[in-house]
Amino acid sequence: MASHAFIHWVRGLGLGIGPGVIALLAVVSTAAVLAWPRPERGGLEFWTFAPHHTRMYEPVIESWNQKAGSDHPDRQRVSLSTLSTGALAQRAQAGFWAQTPTADLIEVEQPMIGRFVAGPIDEVGFHDLTDRLREEGIDQRLNPASFAPWTSRGRVFGLPHDVHPVLLCYRADLVEAAGIDVDAIETWDDFERLMRPLIADLDGDGKNDRYLLGLWYTSLDDLQVLLLQAGGGTFDAEGGSLIASEANARVIARVVTWCLGPGRIAIDAPEFSPSGNQLKLEGRVVAALMPDWLAGVWINALPGLSGKLKLMPIPAWEPGGRRTSVRGGTMLAIPRTTRDFDAAWAFAKELYLSPDLARELFVTNHIISPIMDLWDEPYYAERSAYFSGQRSGLAYIEQALNVPPRSSSPFHQTAMQRILDTTARLHAYAQDNGVHDDQALLPEARRLLAQTEARVLEEMQRNVFIAGGWRR
Amino acid sequence: MSRRFRQHPAWVPYFWAGPFLLVFAVFLAYPMLLSVKMAFHQNAGPRVAEYVGTQNFSWMMGDPLFWTAVRNTAVFAAASVFIQLPASLGLALLLNRPQLRARGFWRAIFFAPVLVGLPFVAILAGLVFEKNTGLLNVALHEFTSLEVTLPRKIGGQTLGVPFTFDIEFPWLQSYVMPTLIISAFWMYVGFNMVYFLAALQNVDKSQLEAAEIDGANAWHRFVNVTLPAIRPVASFVVLLSLIGSFQLFELPYLLLQETAGPNNQGLTLVMYLYQQGFDRGDLGYASAVGWVLAIVLFGFAIAQQVYGRLRGADL
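If you read the sequences in order, they're chains A and B. Reminder that position 387 of the first sequence reads as 847 in our numbering, one-by-one numbering, no gaps. Reminder that position 247 of the second sequence reads as 1343 in our numbering, one-by-one numbering, no gaps.
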């Protein structure tokens, strides 16, 4: 009966049966979507990008949530979501652009930060924490260099998660079997000279398979580590350009010669890739630049190398030079759209300043906390079976205060990418002209970097919001 | 059927088209109009904008990166048209032969890569073209390690010199564009083949037979009968291929791990647009790039129409 009535009704509308059913379904589904109960957003929402962070934070959050409510009415429950790095960056940016709520707390990885601070300072989507950090003395408790990536035009937008000093990790089994004394290595010249006998043709095809360094001229991260170590990079603390600095020219010329010609010492063994891991397991990489977090990655991903590795300070660019660098970083930031800044700030401090979390950070991920008064904790002094019984935590802490400062310019990532492109052009030049000596490459390196610097400065001048560079 | 339609009230077409028109207006027409305005502004996100006149366009014309993107995109488009499409046509001709056994199977095999999807093609290509452990380098290295010799003149004599393919051959460092072209070739050759197959099946058999009776050989039959008959479809496929090539983004973006590759060898116009708009937040400049791209594509469409009319092809 009802169906007849429906057919009669849709015919009355001038629609056929099929279109009538489609129209009815459209109306019903729209009504269902509109009527569907939406879950109430309660408590604080926290986004992170790293599954291993999630695993570490879950117990802390559980304990926080148990106390939230009646015992501690000032506390709000926290729910944690893990997003991929790209998704997190896109969602946060879309939220800031549209001024719609994102999360109440967001972990930001260092390469992302440029996009969030690219506009006028009062348009940055995160709360400015500078005054809070100062008033509560937190800036004095944390490693000063750890704030640099999260500072834009003098304002700090996040609580730093780490220090990330870099050491050189080497195959102790191979090096010691060859009778090489690593204590005699102070500079990169020493490293090349003393380690060179380890370059080897392992399969007898007439071509070397084992090289001294797992590094390639196309790797932005490794290049940045070396540039910062040498005193170069993109911009200095005052915002002046370092792009065409002599340090940068020397480093890119040297890196190019490491990757080609008779002086080659490097092999392309990328991190987080099956091919790179295979090369490391096969003993085709003697040494690699290793920030503390990467040590944690290797411990978990390359257990086959346990007991075969040791850590040492990075060889310096000149006698007496810096023996460490820095790579990566994370901050915890509070978006301006948070519904309760005080609650979010309370949780951020609880999480990032927690001694328990600092311990967990090191034990599970080999990451050194930026909280300096925890650096005497005994777990940092424990011997690591993975690193052949070395006190690997202390090895990183010894270099923590020597970590070079990093630029927080909104143009940093662009400038770094341009320096990497310049290195690729220098590599092509060296290959095409058969120039395999870094001293001979220096003039071309200087010329190309000068071009690059001019272009980056032009790009910066073009930015009407931060005209004249980010200094203003 | 037609009588029933005539009986419908006048509002029915609008009723059915309404949802589409609404979506079209909100998500296409309005953003398009807005992007014209934005192209004359510099932005830090959508809300912060400052009028800069035609500066976005003048900067673009003077930006070497823009021209790198144009060159890379044009090379890719040329390879699509001059390498990929002839190969698709060749495959279609082969698979259109009645005497070929299991034609359906072969057609499915060649079409299958399209079903994989571009992101997966990029991931697979990464595994294939990786140095040291990549499938292609390992295979070529192993194969040439057996006993491959290359002729080389030594002391006035041509001798066979042992040759071994370099297992570190840097596809993704120094040969980015060939790698992209090969990957896209693998994916799209079967896709375009389907268009050509459909066109070939509509070629008038009696004309081919008449030409054969008149003594035309296979080449002459192809050039004088088959090709003119499939020209409308061929021009459509060329246009489609050009548009697709100028929209190239996912393949290099994923294959090169969200970068443009060493020295921007994999930078395409859409990737350039994406970098400016979404990495840097300058949606105004990205809009300007988008409009230049749209004008280029529109130019191709017009050129194809003019060419079609000149050749008497009625699309």
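Just so you know, the hints here were simulated from the structure itself, not pulled from any lab data. Fair warning: this is a prediction, and the values are worked out from it, not measured in the lab. Backbone N, C-alpha and C fix where the C-beta goes; we use that ideal spot for every residue, glycine too. Do not take every clue at face value.
Computed from the model, here is a short list of chain B residues facing chain A with C-beta under 7 Å [as the list claims (entries may be wrong)]:
#1 Gly1141
#2 Thr1229
#3 Glu1308
#4 Gly1377
Chain A contact restraint for Thr1229/B - C-beta distance below 7 Å: Because about 4 Å separates Thr1229/B from the closest Cβ in chain A, which is inside the 7 Å limit, the hint holds.
Evaluation of the interface hint that places Glu1308/B against chain A, nearest CB under 7 Å: Violated, because the Cβ-Cβ distance from Glu1308/B to chain A comes to roughly 49 Å (cut-off 7 Å).
Status of the Gly1377/B interface restraint (C-beta, 7 Å, chain A): holds, 5 Å
Supplied contact hint for Gly1141/B, tested at 7 Å Cβ to chain A: Holds, about 4 Å.
In terms of the numbered hints stated before, the structure departs from hint 3 and from no other.
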